[in-house]
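K.L.:
Sequence:
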Amino acid sequence: MAKLTKKQKEATSKIEKNKLYSLKDASALLKEVASAKFDESIDIAVRLGVDPRKANQMVRGVVTLPHGTGKATKVLALVTPDKEAEATAAGADYVGLDEYLQKIKDGWTDVDVIITMPSVMGKLGPLGRVLGPRGLMPNPKTGTVTMDVAKAVQEVKAGKIDFKVDKTGIVHAGIGKVSFDADKISENADEIIQTLLKLKPTAAKGTYIKSIYLSSTMGPGIPLDPKGV
Numbered sequence: 547m548a549k550l551t552k553k554q555k556e557a558t559s560k561i562e563k564n565k566l567y568s569l570k571d572a573s574a575l576l577k578e579v580a581s582a583k584f585d586e587s588i589d590i591a592v593r594l595g596v597d598p599r600k601a602n603q604m605v606r607g608v609v610t611l612p613h614g615t616g617k618a619t620k621v622l623a624l625v626t627p628d629k630e631a632e633a634t635a636a637g638a639d640y641v642g643l644d645e646y647l648q649k650i651k652d653g654w655t656d657v658d659v660i661i662t663m664p665s666v667m668g669k670l671g672p673l674g675r676v677l678g679p680r681g682l683m684p685n686p687k688t689g690t691v692t693m694d695v696a697k698a699v700q701e702v703k704a705g706k707i708d709f710k711v712d713k714t715g716i717v718h719a720g721i722g723k724v725s726f727d728a729d730k731i732s733e734n735a736d737e738i739i740q741t742l743l744k745l746k747p748t749a750a751k752g753t754y755i756k757s758i759y760l761s762s763t764m765g766p767g768i769p770l771d772p773k774g775v
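Those letters in the sequence shown? Residues 547 to 775, by the working numbering.
In short, the hints are calculated from the structure, not lab data. Even glycine gets a Cβ: it sits at the ideal position worked out from N, Cα and C. Mixed in with the good hints there might be a few duds.
[Said to hold, decoys possible] In the DSS-like style, the derived pairs of lysine-lysine whose C-alpha atoms are separated by at most 25 Å in a straight line are:
(1) Lys577 to Lys697
(2) Lys583 to Lys617
(3) Lys751 to Lys730
(4) Lys600 to Lys620
(5) Lys756 to Lys773
(6) Lys570 to Lys617
(7) Lys751 to Lys600
(8) Lys552 to Lys565
(9) Lys600 to Lys555
(10) Lys687 to Lys577
(11) Lys713 to Lys669
(12) Lys697 to Lys600
(13) Lys600 to Lys563
(14) Lys751 to Lys706
(15) Lys697 to Lys620
(16) Lys697 to Lys756
(17) Lys730 to Lys703
(18) Lys773 to Lys710
(19) Lys617 to Lys710
(20) Lys756 to Lys713
(21) Lys560 to Lys570
(22) Lys730 to Lys620
(23) Lys577 to Lys560
(24) Lys713 to Lys563
(25) Lys687 to Lys710
(26) Lys600 to Lys617
(27) Lys620 to Lys565
[Said to hold, decoys possible] For each label pair, taking beta carbons as the anchor points, the in silico distance ranges come out as:
(28) Trp654 to Glu556: 18 to 24 Å
(29) Lys565 to Lys710: 28 to 34 Å
(30) Arg675 to Arg599: 19 to 25 Å
(31) Gly774 to Asp652: 20 to 26 Å
(32) Gly668 to Ala631: 19 to 25 Å
(33) Asp771 to Arg680: 30 to 36 Å
(34) Asp736 to Arg680: 36 to 42 Å
(35) Asp771 to His718: 36 to 42 Å
(36) Lys563 to Thr748: 18 to 24 Å
(37) Phe584 to Gly774: 47 to 53 Å
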């Protein structure tokens, strides 16, 4: 196991052993234990009592964080010429079609979200091997395949994120920055927790939310009380 640095030991010592924190207290403590010289990202990890291998227990969804992620999200709009002006006006960083499809074929994936139209999805099929593993393949369920391209771009820029339970049953999501005040961190975390509660599969038995941790990029994880959410 890697040895903890002096700063990491100091941060860990501020977290009481075996204590489960309220969301409000954890959000405040998170700011105390973050010690990096840069504005660390904040992540939430929620372990669910589901079996992701079974289709009827897959948990996937989208959420618009009330205070955004604090991160500038780079958006590529793959649209037909008649939609280009609309996508650009809405704030898409890259707008076009064939030239970007070729760039992706050549290995370019320097974007966070790709938004496209139903009529273009056929052209994206062959790029599944490139886009799929990076979580960039547009999907109607997450609102990234739509005729209302402008609305989709604006929502992503405002803090809309999509999440999916991984094969170990955990949902990970970035929910802000350490520079956010504690209330904003708490409200963003609560938004994703409440969304997950609404998405509980009927096939899931037993405890649904098993554990929740908040952490910053370089900081230790802070355990939340799942019963208090």
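K.L.:
In ascending order, which of the hints set out earlier in this document are inconsistent with the structure?
P.N.:
1, 3, 4, 9, 10, 11, 12, 13, 14, 16, 24, 26, 27, 28, 31, 34, 35, 36 and 37
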